[in-house]
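There are 2 protein chains.
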Amino acid sequence: MSSMGGSADENLETKETHVRSLSSSHGQEPYVHKVGIPPRQNLFREFQSTVKETFFADDPLRSFKDQTKSRKLILGIEAIFPILSWGRTYNLAKLRGDLIAGLTIASLCIPQDIGYAKLANLDPEYGLYSSFVPPLIYAVMGSSRDIAIGPVAVVSLLLGTLLQSEIDPIANPIDYRRLAFTATFFAGITQATLGVLRLGFLIDFLSHAAIVGFMGGAAITIALQQLKGFLGIQKFTKKTDVISVMYSVLSSAHHGWNWQTIVIGAVFLAFLLFAKYIGKKNTRFFWVPAIAPLISVILSTLFVYLTRADKHGVAIVKHIKSGINPSSVKEIYFTGDYLGKGFRIGIVAGMIALTEATAIGRTFASMKDYQLDGNKEMVALGAMNVVGSFTSCYVATGSFSRSAVNYMAGCETAVSNIVMSVVVFLTLEFLTPLFEYTPNAILATIIISAVINLVDYKAAILIWKIDKFDFVACMGAFFGVVFASVEIGLLIAVSISFAKILLQVTRPRTAILGKIPRTTVYRNIQQYPEATRVPGVLIIRVDSAIYFSNSNYVKERILRWLMDEEEQVKVDYQTRIQFLMVEMSPVTDIDTSGIHALEELFRSLQKRDVQVIIKPSTVTILNDIMWQISYQRKHNFEQLVLANPGPIVIDKLHTSNFAALLGEDKIFLTVAEAVAYCSPKLAEDP
Amino acid sequence: MSSMGGSADENLETKETHVRSLSSSHGQEPYVHKVGIPPRQNLFREFQSTVKETFFADDPLRSFKDQTKSRKLILGIEAIFPILSWGRTYNLAKLRGDLIAGLTIASLCIPQDIGYAKLANLDPEYGLYSSFVPPLIYAVMGSSRDIAIGPVAVVSLLLGTLLQSEIDPIANPIDYRRLAFTATFFAGITQATLGVLRLGFLIDFLSHAAIVGFMGGAAITIALQQLKGFLGIQKFTKKTDVISVMYSVLSSAHHGWNWQTIVIGAVFLAFLLFAKYIGKKNTRFFWVPAIAPLISVILSTLFVYLTRADKHGVAIVKHIKSGINPSSVKEIYFTGDYLGKGFRIGIVAGMIALTEATAIGRTFASMKDYQLDGNKEMVALGAMNVVGSFTSCYVATGSFSRSAVNYMAGCETAVSNIVMSVVVFLTLEFLTPLFEYTPNAILATIIISAVINLVDYKAAILIWKIDKFDFVACMGAFFGVVFASVEIGLLIAVSISFAKILLQVTRPRTAILGKIPRTTVYRNIQQYPEATRVPGVLIIRVDSAIYFSNSNYVKERILRWLMDEEEQVKVDYQTRIQFLMVEMSPVTDIDTSGIHALEELFRSLQKRDVQVIIKPSTVTILNDIMWQISYQRKHNFEQLVLANPGPIVIDKLHTSNFAALLGEDKIFLTVAEAVAYCSPKLAEDP
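Those protein sequence lines, which keep their order, are chains D and V. Following the numbering used here, the numbering of the first sequence begins with 1 at its first residue and continues without gaps. Following the numbering used here, the numbering of the second sequence begins with 1 at its first residue and continues without gaps.
Everything labelled a hint here was simulated from the structure, so no lab data went into it. Among the clues, some could well be false.
Identical copies carry no separate label here, and so any pair may be met within one copy or between two of them.
What the hints assert, rightly or not - Below are the EDC-like pairs computed for lysine to aspartate or glutamate, each with C-alpha atoms no more than 20 angstroms apart in a straight line:
(1) 341 x 53
(2) 341 x 166
(3) 239 x 369
(4) 321 x 175
(5) 239 x 53
(6) 276 x 651
(7) 570 x 665
(8) 330 x 78
(9) 72 x 168
(10) 465 x 310
(11) 468 x 46
(12) 34 x 530
(13) 280 x 78
(14) 72 x 59
(15) 311 x 175
(16) 465 x 599
(17) 52 x 241
(18) 281 x 337
(19) 468 x 651
(20) 34 x 436
Work out the full structure, taking the sequences as your base and the hints as a guide.
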């Protein structure tokens, strides 16, 4: 911006006006500001840097720089087991925080686990198992301080649906369980592999919007599933879509429902929601909604035990196998038909689990402002699930609700996970009998009150406001899950996300630039209506790298701009266009197809006078003649000019000899300079 | 660029220096150049324009604008049958050109067709059939004037390999043929559908580089296949990879080869190559290589007929069924197991055929500078193949070699295709018996000399020079085809192309900007080493739209730049960084994830002083203390500043309230202005 130039610029001005006046006379580029050509990088370095940016963008080896060998080794071990580094600085103050947080999330997770296990069509104890081993593994390997590990609603549902489409859990529970472990194993392998290969960025391809929609839909689905337990319905559809669920609910209305169950459920649901409300109202009472579930479990269990309501058809948990996780190494399918199925399911479940965990990790990391190495996290989560699959756990990950509680309860480190896991251990060892009379209705209500938070309508509204396309993705995923199934919803989410990426790379934006009054700044005339076009010069900015995926479009779009412009010019007899200027600042890269496109653009500009004669259907004969005249007049004048190509682009323009073809003197540092070259008069009186 | 400002700017300067001096004192934005917020578009219009840009980028309805109903109808019909529009202006002069061109390509295509049919494991007549009907259809529906329609080497090979992996052509010729027609039918449907749905841009996802590699590989493979005919080998491998081919060639060396065949082949290959050479040497003799194949066919046939060389083991064509295409409507599988297979093969073959045709169409269109509607072309090609599949033709498309000859022979319109098709018709009716004694060796040599042009090593070299990644794609496809198979090569080509796109959208470039001496232009300091950084201000340019796929990376990358910079500053005690400026000119769009990323960036800047204390392993205690001090000093000073957000971005920054969060006065039109705000002193003395 000239106004910032200060005194020095003024002398510069005079100097340059002078230079320009002679330069533009025999069309050379002003002597200052040649467009820089970066020093040629050697191939290996180039390759190296690309790889680094792609896979080691977060520069994980930063701390290893110039360290002694032994130190490096230590750092390496610390990198795998972060507990060793933060453990050293651990103290009582922190322990206090972790203890409170750990106990709180434990009280929250135990009832949830039992319920979630049902979502995965597994016996309740497997939910608890998955809250015992995985958190321990994560505590030593993970680097997030706030994430709370365990089974989560969405993954449980997803796993449940995917598994039961292969094996019927009622008819064949053993094989079903074995497949579950197999899937868990491969989920872990997937996660760890992504981490080790530093492919963590792959999960970024599921857009935030899509996730919001997917989560919301899953939450609704899960809540609907709970109607079974909540209304005490005996036979319930296997499908998860809203229609068949509502059908089987209503069809069983007059005989299938159990009023006692409903009463218990309703009462405690009201209680839980009220507790939530209090927690929201005043964050000092965050612990109220946190312990409410456990309380309601205790109360309801007591109530059922005393009234023997189970005799009146109130379904209860009955038996939870006590004792800690048995080994399940031998149960995993490493051969046979189920290997492939388990593998497929594992990948899907693993990716979703990863998405959830990563989202949580990032959120809290940025709230407390510490760095998280996404790939390291994945390795930790992967290892955790692999070990889990050996110890009768199903896919565990970070839970939104529990992590939030963990954070609010003032957790300091992953120790809170250890505390939780100890509590779960004690529960498994000694307290399982107490759950015998726990009514399923309670678990249903707990799950319902847990998942409703996942319906993030506020986010949806914001998405609608910010980006309509994102909103489509969001709704697509949502309705996909609700009306079809979890997989369909997921599929929609992923494909819409990809569609967006493809759209982005196929149809880059272009803009006509104008001069902002009393400055030498050129901006999009749509954004700055006050900006004035330069007579005789059409300035087009291409807003993307020019790659094979869009090169052809870019070329044709530019030609279309030109055509429109010319018709405009023709209509109101303005100065005919002599220069087509392409502002390349945003064009960060260009490939062979892109170069070809530029060459074609260049050539067809030279051939423009042919153009008109061959499209009689579009313009009337009269115009035709006018055009031809105007073209004869301006033929050989219409020139292509480039402004501010970036380092890579200018380099490639040279290696491909396009720069030579176009003429070095047609490439400028700024639009202003280019304009000065095209129409010197203009520059004098802006 | 200040230098262009001229006198007007000077008064502006004084005015602004004044404004700034007071603005920077109580940190407000200079009163001029507010960042423009474009007028809110209504939703429908927005959606409409997006759709238009995506599917009607080439504005096909342009000519329909403000026309009468009847005119529109006519234009519509003309759009489907372009012959109606160019037919009206057709004249004898054009006919002359077309006649010559048509006869030339006919003489070229007849021997090629017979050979290509072999590549597709079909009887010779099917090659001729495919040069009779499809050209006629294309002539009335197509809009390219130079493309020559018929069977082509690569597609024939591809179809052959794909089909014989399903059905053995020798054991079960009838079913094989039926599947071929089915595939052709679906190839046509695929092409037409893409055109009608205006999804033509999908083929742009196969990058130029990948195509070069694929074509080259296919050419080599085809040439190797010809060794069978060329050496007169009886039993030849079915595989197409170089290793197994060479093995079966060499293994049959001492008994399987037939010297008479080799002699004939060698002689005529020499002749053909010499003809090619002449054609290259002097374009006036382009017709020499064009008619050479037919001549060699005639001569060799005569020779064999006279010498009865077929008695000495020279394999000959024997019988070509005479008469024109029989109907094959009933032969297409519309039901059963083969339907799916035909469908799959059809899609692949159709896409490749499309790619070749489109490439040719575009090339010649830009050489003669006329517009081609890619989607309309696809409809034409699709219709042509569908009709073809009903009339015993297999997939036809535009041929590189024949189109080039057509162009050089001075074709004016698609009439040259009609001429060719008439000649082929006559051949089928009356001349097929003459081919009885044609030695297969000749067909082999003709194919070899035809396909060697497809090995475009010059392009490969250019690709290597321009874009290394493209080169990898190119070589990947090439070696994939040569050493594995056509499908594998294709798969590699497509996946590498996609990998590139994903890389592009996941890892956008960022650059540190510096001030170019004696100007107010800020540019990438890598490209312009003379550019000087602004003390106390870190200016980072993000070179891409910020989407979910890269938002997280962008955020972390910026923070990393900042960290590096701070360590630098720390080392050589420069002015500490007070401002992080993000130049957003190239950021053409931002979605919800992008906004989140910016918010996180903003927050973590506010929390920077925490940052240091929690990473003791990286900096020594001493530094730690230094840092903390420096941070205490600069805490609350480090600010985020944005320069030149585009129309969509600024709009979204406002709707998402991030602009408010950041502070309107932190968003500037240009970097220069932002810098002036950040360090007013600096602006005075550049």
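Q: Classify it for me, residue 321 with residue 175: is the Cα-Cα distance of at most 20 angstroms met within a copy, between copies, both or neither?
A: within (19 angstroms within a copy, 61 angstroms between copies)
Q.
I want to check one pair: residue 34 and residue 530. Are their C-alpha atoms no more than 20 angstroms apart within a copy, between two copies, both, or neither?
A. between (30 angstroms within a copy, 11 angstroms between copies)
Q. Checking residue 280 and residue 78: alpha-carbon separation at most 20 angstroms within a copy, between copies, both or neither?
A. Neither way: residue 280 and residue 78 sit 39 angstroms apart in one copy and 67 angstroms across, limit 20 angstroms.
Q.
Please sort residue 341 with residue 166 into within, between, both or neither, judging by C-alpha distance up to 20 angstroms.
A. within (8 angstroms within a copy, 26 angstroms between copies)
Q) From the Cα coordinates, with 20 angstroms as the cut-off, is the pair residue 330 and residue 78 best called within, between, both, or neither? A) Classified as neither: same-chain Cα gap 32 angstroms, cross-chain 71 angstroms, threshold 20 angstroms.
(Q) Within a copy, between copies, both or neither: which one fits residue 468 and residue 46 at a CA-CA cutoff of 20 angstroms? (A) Between copies only: 9 angstroms across, 38 angstroms inside.
Q | residue 239 and residue 369: within-copy, between-copy, both or neither at 20 angstroms Cα | A | The answer is neither: 43 angstroms in one copy and 59 angstroms across copies each exceed 20 angstroms.
Q: Evaluate residue 239 and residue 53 at a C-alpha cut-off of 20 angstroms and name the case that applies: within, between, both or neither.
A: neither (45 angstroms within a copy, 41 angstroms between copies)
Q. Under a CA distance limit of 20 angstroms, which applies to residue 72 and residue 168: within one copy, between copies, both, or neither?
A. Cα proximity of residue 72 and residue 168: none, with 51 angstroms in one copy and 61 angstroms across.
Q. Quick one: residue 52 to residue 241, C-alpha cut-off 20 angstroms, is that within a copy, between copies, both, or neither?
A. Neither way: residue 52 and residue 241 sit 45 angstroms apart in one copy and 35 angstroms across, limit 20 angstroms.
Q: Can you give me the call for residue 465 and residue 310, within, between, both or neither, at a CA distance of at most 20 angstroms?
A: neither (50 angstroms within a copy, 79 angstroms between copies)
Q) Between copies, within a copy, both or neither: which fits residue 341 and residue 53 at Cα up to 20 angstroms? A) neither (35 angstroms within a copy, 42 angstroms between copies)
Hints 1, 3, 5, 6, 7, 8, 9, 10, 13, 15, 17, 18, 20 from the earlier list are contradicted by this structure; the remaining hints agree with it.
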